[in-house]
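K.L.:
The lines below spell out each chain.
Protein chains: 2
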Amino acid sequence: MTVEIQTDRLTEYIKSSRKTYEAKLQEFVDVPSVSMDPAHEKDIKLMAEKAAEILKSFGASAEIIQTKGKPVVIGEFKSDPNHPTVTVYNHIDVQPADPEEWKSHPFKMKIDGDKYLGRGTTDDKGPALSVLYAAKYAFDNKFPINIKFLWETEEEIGSPNFHDFLEKNKDKVAAQSVVVSDTVWISKDLPAISYGLRGMQAFLVTLQTAGKDLHSGEVGGLARNPITELAGLIAECVDAKTGKIKIPGFYDNVPVATKEDIDDFIKSGFNLEEFASSRDMHTMRTDDVRDACARVWTEPTFEVHGITGGYTGPGVKTIIPHKAEAKISMRLVPGQDPEKVSEMFLKFVAEKCPDAKVEVKGSLKPYLGTREGIFCDAAREAFQLAFDKDVAFVREGGSIGAVVSMQEVLDIPIMFLGLSLPEHGYHAINENFDWGQASSGIKLFVHYFKLLSEIKK
Amino acid sequence: MTVEIQTDRLTEYIKSSRKTYEAKLQEFVDVPSVSMDPAHEKDIKLMAEKAAEILKSFGASAEIIQTKGKPVVIGEFKSDPNHPTVTVYNHIDVQPADPEEWKSHPFKMKIDGDKYLGRGTTDDKGPALSVLYAAKYAFDNKFPINIKFLWETEEEIGSPNFHDFLEKNKDKVAAQSVVVSDTVWISKDLPAISYGLRGMQAFLVTLQTAGKDLHSGEVGGLARNPITELAGLIAECVDAKTGKIKIPGFYDNVPVATKEDIDDFIKSGFNLEEFASSRDMHTMRTDDVRDACARVWTEPTFEVHGITGGYTGPGVKTIIPHKAEAKISMRLVPGQDPEKVSEMFLKFVAEKCPDAKVEVKGSLKPYLGTREGIFCDAAREAFQLAFDKDVAFVREGGSIGAVVSMQEVLDIPIMFLGLSLPEHGYHAINENFDWGQASSGIKLFVHYFKLLSEIKK
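As they're listed, the protein sequences go chains A and B. Per our numbering, the very first residue in the first sequence carries number 110; after that it's consecutive. Per our numbering, the very first residue in the second sequence carries number 110; after that it's consecutive.
Certain hints may be false.
The list treats identical chains as interchangeable, and a pair is accepted whether it falls inside one copy or across any two copies.
[What the hints assert, rightly or not] With a Cα cut of at most 27 Å, we get these calculated BS3-like pairs of lysine-lysine:
1) 133 to 187
2) 279 to 187
3) 279 to 128
4) 456 to 159
5) 177 to 277
The hints are simulated quantities; they were obtained by calculation from the structure and are not laboratory data.
Please model the complete structure; the sequences and the hints are all you need to start from.
P.N.:
What follows is the structure, given as structure tokens:
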């Protein structure tokens, strides 16, 4: 049993959906569902309710399942148990955003022509809605497929309870494959599918040396300065210029990218100039394109995201801070284990700065999938039909903890059909999405669902 | 011509002054005369007006002199041109203070028994008022001495226009000696006079690598991280554990403290345990008392006061900051020249991190006076009479740029008769002063003025 897609009908559906799509996206974005900040707990709850509401209003079933942490929203467009089933993964929590730094308010979505400005527009509420609109079309037009939804609210904090949720609700989300729409293309002219993700291990390193800030004239020379010491520790961990990590054992089991890997990345159209300019990067660690894509897709990192403590107002206030905290994370590549990396780091800090306290934060395993097989073929064809372009198979430098959990618990193929562009500003200020990607995204998923419906269970 | 001090009369004067002293201090402290913050420009002006007002209301002359920066308030209790003259230096600007960090509002002085809580209570508004009350007593009781006031409003930003002011107004502030009341005792049981000050050179080091914060998953490994690079630069400048500065040439002309210097410091009663506990220092670079006092009084430092840029909210937000600024200053000792040190630092940064921008900020020369001579003898005697204790001659780890200017322009002896205690929290949160030091301070200066009146012009 197969269906045919009537091009005119689909075009008309997408066109006529624009108004409600924008209204729904606005409703979603205006809820500041910041999972990182406990102050937004009630917004997460509200977001889950709104998500369940929209699923129901579209004709799907919907259920909010409480985890040990924040809720997961599941739902389904059911056709027939004998039809194939796909599970769609998205997340409806977002990164924090400081309204003072944005051109428009991050939690009051602004529509500027084709452009949607606001936190979560591209990561990941906009793509989630595109898939939903596609699924509704498939359902209304009786595609012989069951489409399940799996909308998480802890992705931005590393999905700490998702693994447990999956184990407890395995049946409810069971399918032949998963499709994830939460990745970024290499450039706006080149659709890309990631088949590998870096993992991550985050830490908070705190050093306190006094009960209050001190006067650097009075005590300077004798007092320990926690910011200066953390700077020293960081410099012992990483060569900031090359990015080379100096923690003993860190590179054990890290495979070096082969000539073939990099040839593939280059063939996919990775363009260093465009990569940099679309992200407003002024200067980089390398100008060599082969080195560059190997760095973001196949190499681990050590980053300091911020150092708190000390004076941050105008001018120089000559205090010696009493306490400082370095916010650190490392991206890990397939072959590395976050637990082992944590052990190495804890040991290293204990040696170099014994009274620094290390809090082990979010942990995500790296992921490596495949670029071959029937699901990859379906995705290739869907991209061709929706965007009239060959899709490239690349890797993703970021981490989606949920993906590793789905791989471990569900043990089914996972495909990444992303809609975000580099210029959308993932995790950055002035995050945005656009109707071009949203509408072509609906088309992409209609075709993908149709092709999946033809894959025998 | 000499006067005798009638003990009962002075005691009664001090006792009866308490109410107005507290009211005046409150009035002074409640003006947030933060010289570092341009937003407080009008408070500096108001503070100068209030200072001139009180001088006049006490019977002194008063004048507000506009400099190229903020004003200086001068005044005088004139007795006779043939009498000796002393110039009293204080400053009436203050450090910034964040009300959220304080137990009580920093700019709404709270009186808690004998204790006065608020920004500027001990640094330097409280001591300024004690000297003023003493001077009024000397004037009302016809001490044969002229007492001039020199109240500055740019001390906390390194007195950038004070040198120029002195050159233009040399006659108005001419005297046989200067007395400065803006230093901290070694401990509350031990009056101390500083005869040396460290200098200072501050810098802002900025590194920008992109136009906006980036996602560490997307670009990590390729992107330069300005916080990590500044941490690396800092580690190349200083060994945070030992405090040893690694900039080539930095220790040229830095005299090593002699056994005699340190013997004197120790004899003065410098107590490391008390030094640390009164400042709530939990851990230090040394536990050796001789090493400790040499470090704060005779050795240069390199401190990082804060690093801005990056994420500072709760948890870990995995951005790569696009820009970071390190707020740095070095304390310098006699023998070092801030200009030469700046040159060394600029050269070093240009080599190690060529695209970092260095802004040279406040600069103060180190100062070295004497522990011998008639003015020192007068101070010793005044301390004995006011506090019934031997005063110790030590050094000061901090910097008072105005002192170097006075030494250069006025070329007369400068004495430091401080009233602040370590537990008063100079530059720290919950800064305070107390009636004990304020009242004994009045007594101290009455005796000192009396003794100065006996020193022939």
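K.L.:
Please go over all the hints and tell whether each is borne out by the structure.
P.N.:
Status of each hint after checking the structure:
1. 133 to 187: within (23 Å within a copy, 80 Å between copies)
2. 279 to 187: Cα proximity of residue 279 and residue 187: one copy only (17 Å, versus 92 Å across).
3. 279 to 128: neither (36 Å within a copy, 76 Å between copies)
4. 456 to 159: neither (45 Å within a copy, 59 Å between copies)
5. 177 to 277: Within one copy, since 11 Å is at most 27 Å while 73 Å is not.
The structure is inconsistent with the numbered hints 3 and 4, although it conforms to all the rest.
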